[in-house]
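Asker: What follows is each chain in one-letter form.
There are 2 protein chains.
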Amino acid sequence: MQTQPHAEEVRVVSAAELSERPQGETGGELSDTELAEIYSFAIQLGRDAGAMLLNSLHRRRRDEAVGTGPEEETVLEEKLNAVDIVTETDREVEEFIHSAVATRYPSHAFIGEETYSSGSTKEYLVTDAPTWVIDPLDGTVNFTHSFVMFCVSIALVVRGKPVIGVIHAPLLNQLFSACKGKGAWLNETMRLPLLGKVGVGPIPRNAPSKCIFSCEWGKDRKDEPDGNLHRKVDSFVNMAAEVGARGGKGGMVHGVRSLGSATMDLAYTAMGAFDIWWEGGCWEWDVAAGTCLVQEAGGLLTTANPPEDSQTADIEDAKLGSRLYLAVRPACDNPGETAREGQERLVREVWRRVRHLDYSRPGVA
Amino acid sequence: MQTQPHAEEVRVVSAAELSERPQGETGGELSDTELAEIYSFAIQLGRDAGAMLLNSLHRRRRDEAVGTGPEEETVLEEKLNAVDIVTETDREVEEFIHSAVATRYPSHAFIGEETYSSGSTKEYLVTDAPTWVIDPLDGTVNFTHSFVMFCVSIALVVRGKPVIGVIHAPLLNQLFSACKGKGAWLNETMRLPLLGKVGVGPIPRNAPSKCIFSCEWGKDRKDEPDGNLHRKVDSFVNMAAEVGARGGKGGMVHGVRSLGSATMDLAYTAMGAFDIWWEGGCWEWDVAAGTCLVQEAGGLLTTANPPEDSQTADIEDAKLGSRLYLAVRPACDNPGETAREGQERLVREVWRRVRHLDYSRPGVA
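Taken in sequence, the protein lines are chains A and B. Numbering follows our numbering, in which position 283 of the first sequence is assigned residue number 283; successive positions increment by one, without gaps. Just so we're on the same page, our numbering is the position in the second sequence counted from 1, plus 365.
Honestly, I wouldn't trust all of these hints.
[Unchecked claim] Derived Cβ-Cβ restraints for the label pairs, each shown as a range:
| hint | chain 1 | residue 1 | chain 2 | residue 2 | range |
| --- | --- | --- | --- | --- | --- |
| 1 | A | Ala36 | B | Asn420 | 27 to 37 Å |
| 2 | A | Gly247 | B | Asn552 | 41 to 51 Å |
| 3 | A | His58 | B | Ser396 | 34 to 44 Å |
| 4 | B | Glu553 | A | Asn187 | 52 to 62 Å |
| 5 | A | Lys222 | B | Glu399 | 51 to 61 Å |
| 6 | B | Gly613 | A | His58 | 37 to 47 Å |
These are calculated hints, taken from the structure and not from any lab test. These numbers were taken from a predicted model, which means no experiment stands behind them. Where a beta carbon is used, it is the ideal one built from N, C-alpha and C, also for glycine.
Next comes chain A alone, as it looks inside the complex (with noise of 0.2 Å):
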């Protein structure tokens, strides 16, 4: 644990202050060493915070068992809709971690998912300089159920891109970190992915068929007949069909996943335990450390949205802030295929299976 910093020192830079600070200050590339040191800082960092989570769970169980504590209803805050539960664990751990991050690191800048979405802007705020994009509890409603899927995620973005991750899922006893060049690591002593690339297998020939298909309901439940809802569902359909059905879309994959935490169906999708996870509609705090995991791993991290000519177009990476992601696991090359060619392949056969989501963002080209 942290000492206590000085308060005043932590506050959310916004993007209008950054884009007028001197380059030297806020941006800049860091150096292997200044870098290698800031991995240490953020794997201990989740550590701590995923130890927070622990105990904020046995606290509550312990109270609740000797009923002095509140029932369950009353702890906890609706927000949005009753699907977006938020607890105090979550403010005191994104509070400890803000403020550790304030006194190491008092010139970056720091986006956390508590503080953003206490704010009025649903603007785009990570700027070129180096920022911390943190979600302290993702998972929340798992968590308030004592179900094992939740984590805390915290990621460093220099120039956009995702430098740092570490994903932490105590109750798992799971602690991801990767780290730009370094590759992503389980419990800092098994790389992942967790088989190796010829464990992993190539992309096979069949794919979508054999692939474990990650996806997540969200909280956009409108009953639009063309509203999100309904497009999600139908590229399930489409993705879970027996092979042929459904106008040739059909893609029988071996299982559909939903563990309702974005982040750790990312960390699983690096990790090989996933071979796809598409979605629409989660923040950056819930991607930017599973984003350089995935990509340290050797995985490929895109849009979930079909470009027009999706069998064609070239693959980009995805957006940090898009709100819009399907990846696709680490691989290792098929006789004739190198493992990046099979990756796309099976980009653009879910691309191919899939609904244009509609989730736009201020701020995000």
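Position chain B relative to chain A; hints supplied.
Answerer: Just chain B now, with coordinates in the frame of chain A:
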């Protein structure tokens, strides 16, 4: 680990054979002492079998890391279609459990997923006799992907009712166990539901809103307009859509989860981590242990298919082998409503939103 038993003691006993046996040999109630002894045996069996799963996973990782093992695609064998993978591990673990049971309780019947599936009948074979109903590896696809949601499931069924249930998910370090009259437990020390009945709370007044809804896409992916896939998806969408949508059926559940393991879904419902589990198509070895867990924790397990008079019909316990299940978590009383009344209210709310699934079964009324 048990020593190897005599192979000739180990075989599946047919329903016809059992019905011819004198009651004293196979039926009869077990005494409390006998039950307690069998419970200890079953927990140890669960531990050992879980350790075998974990060893197998680590061995595979090691083999593939050094490049001496076969590639993933060649160690897997297809059954039914691409979704249902059988690994050697399934067979080894079932053989281990079968042998241990036959040595210790030679008069007990035994039905295992692997042995059963390789037979020609799909009849329901559980009689009144003490019968072990086990799944050596539930969540096989997850296991082959190193995704944490896999487990061994071991149940003792007497007079058609599961009286002992053990579920061990070794990568999660979660061992769930229950015995008739002794409650349900996590890792033998934490009583289920995990937060206590007060902690999991009463069934929310506006349920299924605020509930985590757990469901699976399964393997039945035929694209028939009125087939099970579309009936399932219709039901999922009803549960998920905003309140009031879809002709009043919108349930706006808090979250939708799909883990790829019916057994884990049931364990998490017993724990209170999930509020609702609705599923058709699974088999008795998927649910026997989980049934005991849910019931001992104070949850409710009934049929997935709404009866004609779904808002007034008696709510009966699910029949083992019926392949149609709806589970509701343990709860405490609401002011003016008992826990059971709250659970029954939720069952009717789910029935109002889900469609009939078509999974018949020879041998089950």
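Asker: Under the constraints set out in the numbered hints, which ones does this structure not fulfil?
Answerer: 4
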